[in-house]
Amino acid sequence: MVIQYQCPDCGADLEFHAETGMMKCGSCGYEVKAEELVAASGEDPDAYLHDYEHFQEETRYHTFGEENAEQYVCKNCGAVIIAGEDTSATHCEFCGSPVVLGDRLSGELAPTNVIPFKISKQQAEEAFRKWKKNGFLLKKDFKNADRVKSLTGIYVPFWLFDVKAQGEVNAHCTSKHTYERGDYIITETSHFDVFRRVDIDYLKIPADASEKMEDSMMDKLEPFSYGEMKKFQTPYLSGYLAEKYNYTDQDLFPRVEQRVRGYARSYIRSTIHGYSTVNITREHLKARQKKAEYTLLPVWMFCYDYKQCDHNFYMNGQTGKIVGKPPLSKGKVALLFFSLAAVSELLLSLLIFLLS
Amino acid sequence: MKIWRKKQGFFPLFFLFFCFLSVLWAPQPCLAQEQAEQHVYDDAGYFKKKEENQLEDLCLAYGEEIDANIVMLIEDGVENKAWKQFLEDFYDAHETLGDCALLLLDINEEERRIEIQGYGEMEYIITDTRIDTIIDAMIDNLSSGEYYSALIQFPTLVKRYHDMGAGSDARTHTGHDNEIYNPYYYEKEKENKIVHSCMLALPAALLIGGIGTGIFVYNSGGKMTSTYHNYMDESRQSLIGRYDRYTHTTRSERRKPQETHSGGGGHGGGVSSGGSSHSGGGRSF
Ligand SMILES: [Zn+2]
Ligand SMILES: [Zn+2]
Chain A
2 MVIQYQCPDC GADLEFHAET GMMKCGSCGY EVKAEELVAA SGEDPDAYLH DYEHFQEETR
62 YHTFGEENAE QYVCKNCGAV IIAGEDTSAT HCEFCGSPVV LGDRLSGELA PTNVIPFKIS
122 KQQAEEAFRK WKKNGFLLKK DFKNADRVKS LTGIYVPFWL FDVKAQGEVN AHCTSKHTYE
182 RGDYIITETS HFDVFRRVDI DYLKIPADAS EKMEDSMMDK LEPFSYGEMK KFQTPYLSGY
242 LAEKYNYTDQ DLFPRVEQRV RGYARSYIRS TIHGYSTVNI TREHLKARQK KAEYTLLPVW
302 MFCYDYKQCD HNFYMNGQTG KIVGKPPLSK GKVALLFFSL AAVSELLLSL LIFLLS
Chain B
467 MKIWRKKQGF FPLFFLFFCF LSVLWAPQPC LAQEQAEQHV YDDAGYFKKK EENQLEDLCL
527 AYGEEIDANI VMLIEDGVEN KAWKQFLEDF YDAHETLGDC ALLLLDINEE ERRIEIQGYG
587 EMEYIITDTR IDTIIDAMID NLSSGEYYSA LIQFPTLVKR YHDMGAGSDA RTHTGHDNEI
647 YNPYYYEKEK ENKIVHSCML ALPAALLIGG IGTGIFVYNS GGKMTSTYHN YMDESRQSLI
707 GRYDRYTHTT RSERRKPQET HSGGGGHGGG VSSGGSSHSG GGRSF
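Residue numbers (this note's numbering), protein chains in the order written: chain A, 2 to 357; chain B, 467 to 751.
Chain A extracted, bound-state conformation (with noise of 0.2 Å):
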């Protein structure tokens, strides 16, 4: 099931603007809504329901060989569209005309919400030219050369959790008075039974989905802004590329597990104040996921080729915070770490020289 939106204009395709939130004609400007195009085209998230069965069956029964894979055929110029098995959207390789495989988001795979693209190519380019060049011990000549081998807008498919933390928690801790009589100093320490008791509810703490994507570096690409979510549509999709989920929400609530109860951990220690001393003597947390939604977030990845290695960079299309690991140069992080101990000891032994 292959889904290309054309303009009702001039027949050229139409390809989600992330700069104005619409779905634009490359070729004449045309301009409408994605909800509205949804709306127009009488497109029904159900209709898919049949293909997404047949898709079931084949990933079921049968090993999803490249060979046996279904065939997609472009609408445009009548092309077999080559798609990973885990893409759902992409572009033609012929006439790079955007597609969606419908059948690939649909039914169980039907993604609940999707925050679209807000930073386009252009700005990513940008943005990251800058990121480069403001990177203190970044290398020089990865600094400065240009070697962006590619940049590609991805929705990654993540679960946004919605998760229950339940716990108790009693602590010891104590708070000390000093002063001073005749000649001596009194410490008086008074001593606190504390307890907490919380129920905390998470709402759509995200997990990336993707075997592909490395769980560090989307966690780092957090926080994404709920309030420009929207209800899943395919035209978001149109002109960039999509995956599907490898993992279901079962899979990762292990990880979003420990999660909570590290959240909660600090929110219950931050309840805990105006002691000198805390110390937790019994805990009890537990998680409980009450929901998780399917939902597609907008990411920029670039592929750097410095020194013939692929250095892999991730950049929110939303926010535009940019994560990876660049090539540092050993000379600034020495320089760095020298310049760090000599101000340090500077000012240390001169403070303990004027004490002395």
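Covered stretches of chain A (chain B as the covering partner; in silico rule of three or more C-beta atoms under 8 Å from a C-beta of chain B): (1) 187-194; (2) 200-213; (3) 332-338.
Here are the simulated DSSO-like cross-link-like pairs (lysine-lysine), alpha carbons at most 27 Å apart as the crow flies: (4) B/Lys-689 <-> A/Lys-144; (5) A/Lys-232 <-> A/Lys-213; (6) A/Lys-177 <-> B/Lys-722; (7) B/Lys-689 <-> A/Lys-326; (8) B/Lys-689 <-> A/Lys-213.
Please keep in mind that the hints were generated in silico from the structure rather than gathered at the bench.
Note that the Cβ used here is the ideal one computed from N, Cα and C, for glycine as well.
Fit chain B with the ligands to the given chain A structure using the hints.
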């Protein structure tokens, strides 16, 4: 972050650090004390030649080790019992003694007196209180007339204090009528203090450098900015039960640290008529 982008800001700091280090580790001026030709003056003619030579050797050997002169005078009676004055005059008369631990043993039966003084750097090594302790150690031998045994103790005791460094009462010679700082000692003490401060600060500085750099490197690829607040549903009460129950109070007392200088000394120090400040002390036995 922004500061570090300005590379020019780095190098001056860097240089400052190295200048600082080079000052610390620069070769120190050679101020070795020349050894006197004679260290034992047995004016009383009490010791046998062999004993005298052994004492002489001992004073020389230890004196070389501690880079100071250790000199002993054995007298049979001192005019007007002015032992302190006698040693001061002796020091003034022997200009080359420099850093010097000076001992006077008056073996006259009516007088029986030991007097010790420290000059130059030695003023700060054998301080008044330490001289007291030195005499404490020697007094038994002296009372029983074992003068040789008593005198061979002296160089070792001086060396022991030399190894311990300046005495705590060295800087506050309140007993002196006329306080004069030995500039050599003062400089050296200052240097010691600088080196000491740097040594103390070094591990902490390296740690700070390491941690700081680590944070920079770790964050060079973007840092985790979402915290426990981000996903919490703040619209509802999350904290549903709490108490902070006071149970009991414990008390601990400790004495205020006393700011007193270890006193008691100071009675034997002073300034010679030649203007040399010294520590000192004496006792009859
Ligand atoms: Zn058009
Ligand atoms: Zn095509």
